[in-house]
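Each protein sequence line maps, in turn, to chains A and B.
Per the numbering used here, the very first residue in the first sequence carries number -12; after that it's consecutive.
Per the numbering used here, the very first residue in the second sequence carries number 7; after that it's consecutive.
Simulated from the structure, these hints should not be mistaken for lab results.
Among these hints, one or two may not hold up.
Unchecked claim - Derived BS3-like pairs (lysine-lysine); straight-line CA-CA distance at most 27 Å: (1) K111(B) x K(-5)(A); (2) K197(B) x K(-8)(A); (3) K113(B) x K242(B); (4) K197(B) x K(-5)(A); (5) K221(A) x K242(B).
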Amino acid sequence: MSEKKKRKIEEGLAIFVFLLPGLFLFISILIAPIAVSVYRSMFDWNGFSEGTFIGFDNYIELFTNGSIKFVNSLKNSLILAFFSVFVQLPLALMLALILGRHETRKERTFLSIFFMPVLISTVVIGQLWLKIYNPDYGLLNRFLDAVHLESWKHVWVGDIKTALGSIIVPTVWQYVGYHMLLMYAGVKGVDLDLREAAMLDGATKWQVDRYVVIPIIKPILRVSVIFAVTGSLKTYDLVRILTEGGPFQSTEVPSTLLENMLFLRNRYGMGSTISVMLILLCFAFALLISAAFKERDE
Amino acid sequence: MESYTLKEESPVIKVIINIFLVIWAVINLFPIYFMFTFSLKSNEEIFGENIIGLPKHWLWSNYSSALNTGNMALYFFNSLLVTTLAIAISIMAAMMACYAITRIKWKFSGLTNAFFMLGLTIPIQASIVPVYVVMSKAHWLNKYSTLIVPYSAFALSMAILICTGFMSEIPFALDEAARIDGCGLFGTFFKIILPLMKPAVSTVGIYSYLQCWNEFMFANVFISDSKHRTLPVGIKALSGQYTTDWGPIGAALAIATFPTLIVYLFLSRKIQASFIAGAVKG
Chain A
-12 MSEKKKRKIE EGLAIFVFLL PGLFLFISIL IAPIAVSVYR SMFDWNGFSE GTFIGFDNYI
48 ELFTNGSIKF VNSLKNSLIL AFFSVFVQLP LALMLALILG RHETRKERTF LSIFFMPVLI
108 STVVIGQLWL KIYNPDYGLL NRFLDAVHLE SWKHVWVGDI KTALGSIIVP TVWQYVGYHM
168 LLMYAGVKGV DLDLREAAML DGATKWQVDR YVVIPIIKPI LRVSVIFAVT GSLKTYDLVR
228 ILTEGGPFQS TEVPSTLLEN MLFLRNRYGM GSTISVMLIL LCFAFALLIS AAFKERDE
Chain B
7 MESYTLKEES PVIKVIINIF LVIWAVINLF PIYFMFTFSL KSNEEIFGEN IIGLPKHWLW
67 SNYSSALNTG NMALYFFNSL LVTTLAIAIS IMAAMMACYA ITRIKWKFSG LTNAFFMLGL
127 TIPIQASIVP VYVVMSKAHW LNKYSTLIVP YSAFALSMAI LICTGFMSEI PFALDEAARI
187 DGCGLFGTFF KIILPLMKPA VSTVGIYSYL QCWNEFMFAN VFISDSKHRT LPVGIKALSG
247 QYTTDWGPIG AALAIATFPT LIVYLFLSRK IQASFIAGAV KG
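Input sequences plus hints: build the corresponding full structure.
Have a look at this one:
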């Protein structure tokens, strides 16, 4: 056998062996189940029997049957996405820009503090906020008592008017630090000479940030927006802990509905349909956001 | 690095910026402080006049209730075990896949990489129904591996993305030199590439840690027996047990949180640097 051929065989073998564990995990846990979900989304199925094929009926029911609350859950996710993109990200960007200007002990300390909530488990944060929202002994209502604003008091997570807001606040709060650090990485990557040149031309720090730094870190901003929106679509933890989707299912999100379909209603076909919708929505939004960023560049 | 001090802002703006930073810092630290203090208080103190002050009587027994009656020690161990193994498996699988994709030239390497990158957008909810059905039919619920396998699969894409960035910085001349010395592809991977990928391990580790340690949906759906609960599920169960007794819940929250925060305090520079490396390489 020639040296070259031997080499080819070794390469082929190596590619196979090295890819095997990754591909096995990836295909068996992600790709194959998605294929099964797509297939099962067209069944009326309780998870154990054979089920009956019903075509796209589940999809139609999802959007037309009001008692499933899917449209409402989607609306909740999109409201959360809105606050993530227009409150959380600007705040994160502002912090990243301010802290990225210099690098002294002060900036480093603030950076470390602002990243802390990211390290805390969402379940812990949820429990903590339950104690803040508690109607009788919670911090929030007792604070309102103390400043004589009793009329502002609410049963925060139990009142249909305030429940969704009670979920949005901790969600937005927790991940500011995550996006801040991503953006900070971009800001620190900007060439110091570029900043200096702009300053020599008479630009203020704010102008440097606006016209030099932000355009350069656009790719990171795009990633942040995609993470914020897809993260909102996937949201689950804080809803489960704070409201359980209530009161009167007003704060359901697609993921909690999905779980209800499995464990409360035994509708595995419909659960699969919700899964498929979530994947489609995540991909659609990721593409849409990428396209929007491209358009801006031109 | 104070090299551009040509146009300084007015002192007023500086003060405003500093006030803003301090307020945001307080908003970030206060919940942690609140958690720590109420974890050491009795209900009388929490419900009475001393809601945000330091505890008058430091009630360490809350911690022993959380650890013993509440099983927090076991849940902590479970989380540690599941997270560590999931990270180890995903890093190893990612490094190997990365080597096949970036260091060996073949037709479909780009396509394979793109295939793995699909995982970055796929939500964990996407596979929950089929995986749950298969696992319950195979009697594979309520085990450590029930969580370890899905966690490592869902951490894989990010791990490959980050590893690719790190691996592409290793000069190809090293591979060639190893080959001339008679080292095969397997030898090159284990003896040359792996030792040089150490910085990638900490970066991948941080991203996977954030994903696995806090994961709640899979854990909540797949684990119903108390022996294999991870911290998030354990805390949820505990809060159902102690609905009126806040102290032990506070202690449980603190037990789940402070070990991480303490490690972070000591290694914050390194952790941030690794996180940032992931953002830049990715």
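Tested hints:
Simply put, K111(B) and K(-5)(A) have alpha-carbon atoms about 10 Å apart, close enough for the 27 Å limit, and the pair holds. Simply put, K197(B) and K(-8)(A) have alpha-carbon atoms about 24 Å apart, close enough for the 27 Å limit, and the pair holds. For the hint pairing K113(B) with K242(B), the CA-to-CA distance comes to about 49 Å; that exceeds 27 Å, so the pair is violated. A distance of roughly 21 Å separates the Cα atoms of K197(B) and K(-5)(A); the hinted pair therefore holds under the 27 Å criterion.
This hinted pair checks out: K221(A) and K242(B) have alpha carbons roughly 20 Å apart, not beyond 27 Å.
Hint 3 from the list above is the single one not met by this structure.
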